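So the chains spell out like this:
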Amino acid sequence: MTALSSRITDYILKRTGTTLTQLEGVVVSAGFTLDELYAALNQVHRNKAIRRTVSHGEVVYLKALPPREPGSHLSWTRHNYPLMDDTNDGSGFDIDFSYLFLTPDALLEYKAAAKNMPTHMLQSRYDKRS
Amino acid sequence: MTNEAESQIQTAILEYLTKRGHLAWRNNNQPTYDQRMNGGHGGYRAQSKWTPKGLPDILLIDKENYGQLVGLEVKRPKGGKVSADQLLMQKRFRLYNAEYHVVHGVEGVKQLGL
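Which chain is which? The protein sequence lines are A and B, in order. Counting with our numbering, you get residues 305 to 434 for the letters of the first sequence. Counting with our numbering, you get residues 1205 to 1318 for the letters of the second sequence.
No lab work stands behind these hints, which were simulated from the structure alone. If you're wondering where the values come from, they're calculated on a predicted model, not measured in any experiment. Keep in mind that a hint or two might mislead.
As the list claims (entries may be wrong) - Computed from the model, here is a short list of chain B residues facing chain A with C-beta under 10 Å:
1) Pro1256
2) Lys1267
3) Val1286
4) Ser1287
5) Lys1295
6) Leu1299
Said to hold, decoys possible - Far from chain A by the CB rule (all over 12 Å, computed), these chain B residues:
7) Thr1236
8) Gln1239
9) Gly1258
10) Asn1269
11) Leu1273
12) Leu1291
13) Glu1303
14) Glu1311
What the hints assert, rightly or not - Calculated pairs, SDA-like style, for lysine to any residue (alpha carbon to alpha carbon, straight line, at most 20 Å):
15) B:Lys1285 to A:Val364
16) B:Lys1285 to B:Tyr1237
17) B:Lys1257 to B:Glu1219
18) A:Lys367 to A:His383
19) B:Lys1295 to A:Thr357
20) B:Lys1257 to A:Gln427
21) A:Lys352 to B:Gly1317
22) B:Lys1267 to B:Glu1219
23) B:Lys1295 to A:Leu324
24) B:Lys1295 to A:Met388
25) B:Lys1279 to B:Lys1253
26) B:Lys1285 to A:Ala353
27) B:Lys1257 to A:Ala343
28) B:Lys1295 to A:Glu328
29) B:Lys1295 to A:Lys415
30) B:Lys1314 to B:Arg1230
31) B:Lys1295 to A:Lys318
32) B:Lys1295 to A:Gly329
33) B:Lys1253 to A:Ile354
34) B:Lys1282 to A:Val358
35) B:Lys1295 to A:Leu327
36) B:Lys1223 to B:Gly1284
37) B:Lys1295 to A:Leu308
38) B:Lys1282 to A:Ser359
39) B:Lys1253 to A:Gln347
40) B:Lys1285 to B:Arg1296
Idealized CB from N, CA, C, for every residue including glycine.
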């Protein structure tokens, strides 16, 4: 990476949202030519810390977004429950196996009670499915 | 106006330019697909580091304008967007007195006087 491209990278990281026209003005006022700027931008475009978009026909340089964590779909649990240790045995995570040993009528009443809903509302949903 | 695929528009433009007698060629700047890569699962070959991003789809030498180099970036009539790399390449072309145009069909090429 050339000195100019690293300077441009620092400039963009400090002032995210800089347009190419603004960069041209800054670089030319610093004593560089447009030719040198475009050659340096070729290097800057390879830098993954910077992303570029086009807005109203103008190139806009932005700081790259932080990488997203892989979606385990357990992030809510991870952020809302403490990790298990000597004082926390993780109780409260019990999976509801009631459907295995309750009769259909008892299961319906159990679910209605758990959801604080009358039985007929759940009943109508089950009727629609069948 | 129908929304043709970009490759169909490129073919039409190249046929037109060749008929007009220009030296024009498709500038293949897409990575090549290779079925043998990744243990037979297929993949795209890496581009050379000397291939800059944003090169135009078609390059031609304008015989009627002292051999002027002209770059034509082909976009679909609907939904075709110019990327940041292509805009930068456009500026570089113009800085070196070459031409770089974004066209959406043969009509656009005719309007350029080619």
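Each hint, compared with the structure:
1. Pro1256: With a closest approach of 6 Å, the Pro1256 of chain B hint holds.
2. Lys1267: violated, 28 Å
3. Val1286: OK, holds: Val1286 of chain B within 10 Å of chain A, min 6 Å.
4. Ser1287: For Ser1287 of chain B, the interface hint holds, since the closest Cβ of chain A sits about 7 Å away, which is under 10 Å.
5. Lys1295: At about 7 Å, which falls below the 10 Å cut-off, the nearest Cβ of chain A leaves the hint on Lys1295 of chain B intact, so it holds.
6. Leu1299: holds, 6 Å
7. Thr1236: Since the minimum Cβ distance to chain A is about 20 Å, Thr1236 of chain B lies beyond 12 Å and the statement holds.
8. Gln1239: Nearest chain A Cβ is 28 Å from Gln1239 of chain B, so the label holds.
9. Gly1258: violated, 9 Å
10. Asn1269: holds, 23 Å
11. Leu1273: Per Cβ check, Leu1273 of chain B is outside 12 Å of chain A; nearest 16 Å; holds.
12. Leu1291: violated, 5 Å
13. Glu1303: holds, 17 Å
14. Glu1311: holds, 21 Å
15. B:Lys1285 to A:Val364: Given that 20 Å is the threshold and the Cα spacing comes to 15 Å, the pair holds.
16. B:Lys1285 to B:Tyr1237: violated, 24 Å
17. B:Lys1257 to B:Glu1219: violated, 25 Å
18. A:Lys367 to A:His383: violated, 27 Å
19. B:Lys1295 to A:Thr357: Holds: Lys1295 of chain B and Thr357 of chain A sit about 16 Å apart, inside 20 Å.
20. B:Lys1257 to A:Gln427: Violated, at roughly 61 Å.
21. A:Lys352 to B:Gly1317: violated, 40 Å
22. B:Lys1267 to B:Glu1219: holds, 16 Å
23. B:Lys1295 to A:Leu324: holds, 10 Å
24. B:Lys1295 to A:Met388: violated, 58 Å
25. B:Lys1279 to B:Lys1253: violated, 25 Å
26. B:Lys1285 to A:Ala353: violated, 23 Å
27. B:Lys1257 to A:Ala343: holds, 12 Å
28. B:Lys1295 to A:Glu328: holds, 11 Å
29. B:Lys1295 to A:Lys415: violated, 66 Å
30. B:Lys1314 to B:Arg1230: holds, 18 Å
31. B:Lys1295 to A:Lys318: violated, 25 Å
32. B:Lys1295 to A:Gly329: holds, 14 Å
33. B:Lys1253 to A:Ile354: Distance of about 19 Å is within 20 Å: holds.
34. B:Lys1282 to A:Val358: holds, 17 Å
35. B:Lys1295 to A:Leu327: holds, 13 Å
36. B:Lys1223 to B:Gly1284: violated, 26 Å
37. B:Lys1295 to A:Leu308: holds, 18 Å
38. B:Lys1282 to A:Ser359: holds, 17 Å
39. B:Lys1253 to A:Gln347: Answer holds: Lys1253 of chain B to Gln347 of chain A is near 11 Å, not above 20 Å.
40. B:Lys1285 to B:Arg1296: holds, 19 Å
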